[in-house]
Amino acid sequence: MTALPPFQTVLDDHAKAVMAILHGAVGRDGAEDCFQETFLAALRAYPKLEDASNLRGWLLTIAHRKAIDHHRARGRNPVPVAEVAEVAVEDGIPARDEQLWAAVGGLPPKQRAAVALRYGSDLPHSEIAAALGCSPEAARRNLHEGLKRLRKELA
Amino acid sequence: MSTSVDTAIDRFTARAAEEGMLDVAYTRADSPFGPLLLAKTKRGLVRVGLPNQDTDELLVDLAERVSPRVLEAPQALDEARRELDLYFEGKLDSFDLPLDWRLSGGFRQRVLRAINRIPYGQTRSYTEMARKAGNERAVRAAGTACGSNPIPLVVPCHRVLRTGGALGGYGGGLPMKEALLQLEGVLDESPAS
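If you're matching them up, the sequences are chains H and Y in order.
The first sequence: position 123 = 123 (the working numbering), numbered continuously.
The second sequence: position 20 = 20 (the working numbering), numbered continuously.
Here chain H stands alone, though its shape is the one from the complex (with noise of 0.2 angstroms):
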């Protein structure tokens, strides 16, 4: 077991990319609100990680489930976003469509997690891997099986 560092130092390397990654996923709007809850959620859960090897992915992950936290209250109001996604439709996924989040913020843990710092980061296997600690084989997996779980429910 890794000790845990002080927390400011979690919060001083890790919060340029938990904003970064929140203002593509929910926007500049949004970002702010879903930073503070990420962190909050973060340090309310720290003193009983058992495991603090990979605390960028950890914290990737928070801030994934806060997005889609966002998107979910946000309903179907319009959501303001800073850039509008070139690319609309990828691999048969609209960009963002409230109905959509609402059928990913559904999907297992693991699933849900793995579509979202795909499509909603644009974050590559490897990393998606880093966030959820397993391997890119599984990341692969959960991403493939979440988005047949969301062509059936969407379709």
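Honestly, the hints are just simulated from the structure, not real lab data.
Treat the hints loosely; a few may be bogus.
[As the list claims (entries may be wrong)] If you want the footprint, here are the derived chain Y segments under chain H, 3+ residues with CB under 8 angstroms:
(1) 14-26
(2) 59-73
[As the list claims (entries may be wrong)] Simulated pairs of lysine to aspartate or glutamate, EDC-like, Cα-Cα distance not exceeding 16 angstroms:
(3) Y:Lys42 with Y:Asp23
(4) H:Lys48 with Y:Glu64
(5) H:Lys16 with Y:Asp10
(6) H:Lys48 with Y:Asp6
(7) H:Lys16 with Y:Asp6
(8) Y:Lys91 with Y:Glu184
Given the structure is predicted, the values throughout are model-derived calculations rather than measurements.
The beta carbon of each residue, even a glycine, is placed where N, CA and C say it ideally should be.
Assemble the complex: chain H is given as a structure, and chain Y must be docked to it using the hints.
Coordinates of chain Y only, in the frame set by chain H:
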């Protein structure tokens, strides 16, 4: 974007405090001897790091021994910083800060509590401190307790000298001990030892 991240971090720290999750708040403070680290818990001041001590190591130690919820929160230490500034200017002879003694246990803590009652501008011997802590023969242990004082300056271990008046030791280095005793009017500008 870095400005917005900085603002977000400040807001986060404030909210962490509101929600009672600021287990250890710390800041760096200037002093005539160099930068100090000040850290407090909900009970009070728990650690003062002297200029020759490694700040990162002190924070890691606090994370392990007190709580990993360690955050930089300068405002939480405004009062400690204010009193220390006045002390260094020679305008304050008694600190009025709640203290958290948890980093020292048993005999060491008794020695440090006894040291905390030595008035400004006076000195005591290690032997006297050992006696006050309940074991006159544990002079060496009393010296160790001084050396491991987690709250130097505020708990004035610089006021403890060898029997006969030799300076003994100091965690911040002997020149600092001399300068503090000069500030308090105990030593002349050129001390005998």
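Subject >> Violating hint indices (sorted, rising) >> reply: Of the numbered hints, just 6 does not hold.
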